[in-house]
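Chains as they are written, first to last, in our numbering: chain A, 1 to 240; chain B, 1 to 221; chain C, 1 to 221; chain D, 1 to 234; chain E, 1 to 234.
Treat the hints with caution; some may be incorrect.
Said to hold, decoys possible - Okay, the calculated bits of chain A under chain D, using three or more residues with CB under 8 Å as the criterion:
(1) 35-47
(2) 143-154
(3) 194-204
(4) 228-239
Claimed, not checked - Listed next, the in silico DSS-like pairs over lysine-lysine satisfying Cα-Cα at most 30 Å (straight line):
(5) E:Lys-21 / D:Lys-49
(6) A:Lys-141 / A:Lys-208
(7) E:Lys-21 / D:Lys-21
(8) A:Lys-185 / A:Lys-102
(9) A:Lys-97 / A:Lys-141
(10) A:Lys-20 / D:Lys-21
These aren't lab readings, by the way, just hints derived from the structure by calculation. Backbone N, C-alpha and C define an ideal beta-carbon position, used for all residues, glycine too.
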Amino acid sequence: APAQDKNTQPLTVFAAASLKESLDEAAAAYQQQTGQSVRASYAASSALARQIEQGAPADLFFSADLDWMDYLQQRRLLVDASRRNVLGNTLVLIAPKDSQAKPLALKPGTDLRPLLGEGRLALALTASVPAGKYARAALEKLGVWPQLQPRVAEGENVRAALMLVARGEAPLGVVYGSDAQAEPKVRVLATFPADTHAPIVYPVAVVKASRHPGAAAFAQWLRGKQAAAIFRRHGFAPLP
Amino acid sequence: MNAAVSAAENTGFDIDIELRRGDARSGFRRAFAIRSEHRVIAVVGDSGAGKTSLLHAIAGLLRPVRGRIVVAGETLFDRERRIDLPAHRRRIGYVFQDARLFPHLDVRANLLYGLRGAGARERRFELDAIVELLGIGHLLARGTAGLSGGEMQRVALGRALLSQPRILLLDEPLSMLDMNRRDELLPYLQRVREESGLPMIYVSHYPEEVRRIAEDVHRIG
Amino acid sequence: MNAAVSAAENTGFDIDIELRRGDARSGFRRAFAIRSEHRVIAVVGDSGAGKTSLLHAIAGLLRPVRGRIVVAGETLFDRERRIDLPAHRRRIGYVFQDARLFPHLDVRANLLYGLRGAGARERRFELDAIVELLGIGHLLARGTAGLSGGEMQRVALGRALLSQPRILLLDEPLSMLDMNRRDELLPYLQRVREESGLPMIYVSHYPEEVRRIAEDVHRIG
Amino acid sequence: MNEGFAGFSAAELTAIALSLKVAAAATVCSLPFGVAVGWLLARTRFPGKLLVDTLMYLPLVLPPVVTGYALLLGFSAQGPIGRVLSEHFGIVFAFRWTGAALASAIMGFPLMVRAIRLSIEAVDRRLEQAAATLGANPWRVFFGVTLPLAWPGLLAGAVLCFAKALGEFGATITFVSNIAGETQTLSSAIWGLMQTPGAESGVLRLALVAVALSFAAVFASEWLVQRQRAGTQR
Amino acid sequence: MNEGFAGFSAAELTAIALSLKVAAAATVCSLPFGVAVGWLLARTRFPGKLLVDTLMYLPLVLPPVVTGYALLLGFSAQGPIGRVLSEHFGIVFAFRWTGAALASAIMGFPLMVRAIRLSIEAVDRRLEQAAATLGANPWRVFFGVTLPLAWPGLLAGAVLCFAKALGEFGATITFVSNIAGETQTLSSAIWGLMQTPGAESGVLRLALVAVALSFAAVFASEWLVQRQRAGTQR
Ligand SMILES: Nc1ncnc2c1ncn2[C@@H]1O[C@H](COP(=O)(O)OP(=O)(O)OP(=O)(O)O)[C@@H](O)[C@H]1O
Ligand SMILES: Nc1ncnc2c1ncn2[C@@H]1O[C@H](COP(=O)(O)OP(=O)(O)OP(=O)(O)O)[C@@H](O)[C@H]1O
Ligand code: MOO
Ligand SMILES: [Mg+2]
Ligand SMILES: [Mg+2]
């Protein structure tokens, strides 16, 4: 039957690169459960959104960033009703595993410079990459951005910042909680209070041009209990 | 062939050109006028007189600034009538002063390069005969890199003849050959002259050589 | 200079070598033995006999498979004694059969290339005199690309002389010159021979030329 | 996922095979254009030549994402060029392996053209003249004399393009995304692993594959150059 | 932020100036190495030559992030080479513009070496022999004959390296991050803008700057080649 055919066609998810491990696992679980295979294309959210705008064969867009999801929605390229915030995340201050630094509480005015010493604070590009934008907002809210700005090293993405800390090149870094959990060579010193930055949200939506009958179902499943367990294991905070 | 045939004369040379090389101020500029009823002529002149430049112009490798070139009744170049036959259609066998063998081909392929272009029409020179005459049989499978000066000159001569030309231009073709080889080749060139009926221009510094081959000697410069 | 001086003979040539070019099966292989008391000798031989190869070996550009090369009492090469002076220390003025001018330098810089290396010791040849003699004054500022065959040969000769050599190797140095120029240069080479006292090897196909310049003629091949 | 082979997962093997296909197609298809442009730049003068020369360097000068974005705008199903190509010739680049090949070819083009141009410029024009007097028309001169003498540059250009195609990632992922089995090349896969903490050993493993492939390409080109050289020095 | 100039913000002007500095330093400093390696590959035989040849292509074959990561492992403050260099010679690459120059030089090296090698291979050895008989020792032969004759390849290699340095981003940002005024080059700035919705016009503006810079480089090199050529064809 044609329906069967459609089912054996893989679902294509365009997903932010930082979702790779967790989404690969979730996709495998979904296929085992439903028989529907899922293939993903991981890249920067910006690249994926632009590709969808140009007619990419994506059934779902799973973004690390609200801006690019909005970008597509404004252009009427998404099935509005299918858009859901699936995951949340935390923003954490990390240090190399063998660092002497002690856990601390981040309060307005907390001076991180003594901990930095001569070194630099690693984070993602603060002007453009989501993780960097959140980090800058949080540090600004705490009133320490002006003093830290000359001392930051901005990575291509949040994983580059993570790597700098893991390698001991930077004594401190600001990354997502999920990244910190995935990298055994770093330690979390503090979690930024939720009110220091806009909520960190990973939205998903069905692409309007998709003709795959299983797209909405998978979007729904991603918000289900089984998926939530997988994402939680990778350090994300599944949203209710 | 879209060359106009001048009815007036069907043998000999009617060359009246002005050549320029390099820039206007310090470059080389000279007029040449060669008019001859004879089919085989020699061009002599001091080093730097322009002998090679003249042959280049006849072969279509150097465009005269004015004038015309008529060989055996065929107009190869005429500035005023806007005739300028491209080099590859002039069917000229040119033995260059610097042999100009193809370094990526072996000797046999060098010899055959022009033959392939010539097609089967009027085949006057055959590979075996030329190879035999020039004494280059043992070189056929060799590359050109290790050839001695005289060997290169002989291969260049063979290559030019095998392209089945209608006109032969020889720029000191025997200068690197020893007396024996020279004494062997001159009679052959004489025979080519007789039997082929081709127009020939022969450049050489040796009066004796020139006298043996040419019917008419033109001094330039 | 770490060349050993052979006490036995302080002028003339003592060459006994075997040369190989190309591969063992089809390549060129020949032994040369030239022993002469004379300071200026000619080497003649058919095209491909190995004249150029011999000069290359003396200049240090081709390593003999065995034997030795002693010129004017200086051992340039001796396989058994493991002497092999590198080319740039042999101080040999070599006029190549193919002129080998430097295309990135103008004529003047070509002429001066060897002079700079030679330093001020025993300057025998001066730029002005050489330029005058070879008639290349008008070419000094020119590049080498447009030079005629004879002009190239003259510049190459001048360049070799100006490097203030202790030995002169001339491979058909006049082959592209007209009779007038040749008649002018031969006496000069004779004068160089007399006044400089340099050992010279002269390769040419012209018996007359050879007779006028060399004291001793060696035929090879 | 299926079983893999020699320690590589099925997805990795697919990426390797895809990379080979993409690199080979990019090299082979751009070679004629590289030769043509190389010849034009080496042997002709025309107004705007300097501009063409500069534009050719663009893929080198701009960050790859920009080149990829430009390709996306031009060659996607909606793009002006992409639409014409797909409607009239049935050629589709968007989100296909062919698009990855196009991106690689464009990124490698400056390298290829530079090598070819250098070699053509080094060919002695006097030999081309000699060929003309032997009756060879300009085409025969080009294919019989110029091109064979520029052979080392041709091979160097091909190897540079092939190597670049293996390593190209930024333009490719921006243009055709990173879809497993379709547009996920070796480089994209390596990049993906670089995004994963603790996957360094996987990166190393795949990087070694890339090295092995490029070794094969370098080896083949050196062999081809040697062979021609040996042929002419007998 | 201060006032900008000609429509560029102060930060952008800083990035442009930095890019020029980085590209110039990368080109100038790698040229001697490029010439040396080009000569070795063109003119000598040694065991393992094929391997060296292949390894040279590595920065081309691997995704730039991998090269950047390798540089980080080797040349960072903690890296084995970086530590020695900073302790004994006071040379620091980590998080400095010098690191950006190093990354660019490494990325451009294969392109530079290929061009130089091709040109050196094309030099007629008979001219080198002639120079030797005129008393020139091997050094004088190399600098007086070989190198001037390989001039077009040298310039082509330099331009390729310069252009690549302008466009290089992946290895640079991985190795030395993106620090405004220190390591934020034009390419990083462009890349950053690409990540922002609606910043396309900014991308275009900065891309035009990159094009203008490369135009200047291409123009200068063509001029230098022409000048030498004119000098030899008088
Ligand atoms: N580009 C140029 N600029 C100035 N002079 C040039 C240029 N090209 C050639 N010439 C000069 O033109 C003259 C004629 O050269 P050509 O090669 O025709 O002489 P030739 O008679 O064949 O001499 P030869 O017998 O020595 O071979 C020479 O003096 C040469 O230097
Ligand atoms: N690589 C090679 N393989 C085989 N034969 C070679 C090789 N290189 C040179 N030869 C041969 O060595 C011989 C000697 O060459 P050489 O140039 O010394 O001759 P020559 O006496 O100077 O001749 P000519 O008077 O024609 O210049 C020639 O027959 C040449 O073909
Ligand atoms: O996953 Mo991101 O786009 O590096 O914040
Ligand atoms: Mg001449
Ligand atoms: Mg010889």
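Hint check results:
For the stretch 35-47 of chain A, the stated coverage by chain D holds: 6 residues have a C-beta nearer than 8 Å to a C-beta of that chain, and at least 3 were required. Beta-carbon proximity to chain D at under 8 Å applies to 0 residues in the stretch 143-154 of chain A; the threshold of 3 is not reached and the given coverage is violated. Counting residues of the stretch 194-204 of chain A whose beta-carbon sits less than 8 Å from any beta-carbon of chain D gives 0, not enough to reach three: the coverage restraint is violated. Under the rule that three or more residues need a Cβ within less than 8 Å of chain D, the assignment of the stretch 228-239 of chain A is violated, with 0 such residues.
Note on E:Lys-21 and D:Lys-49: the hinted pairing holds, with a Cα-Cα distance of about 28 Å set against a maximum of 30 Å. For the given pair, A:Lys-141 sits about 38 Å from A:Lys-208 by alpha-carbon distance, which is inconsistent with the 30 Å threshold. Straight-line distance between C-alpha atoms of E:Lys-21 and D:Lys-21 comes to about 39 Å, which puts the hinted pair past the 30 Å bound. Proposed proximity of A:Lys-185 and A:Lys-102 is supported: the alpha carbons are some 16 Å apart, at most 30 Å.
For the given pair, A:Lys-97 sits about 27 Å from A:Lys-141 by alpha-carbon distance, which is consistent with the 30 Å threshold. For the given pair, A:Lys-20 sits about 25 Å from D:Lys-21 by alpha-carbon distance, which is consistent with the 30 Å threshold.
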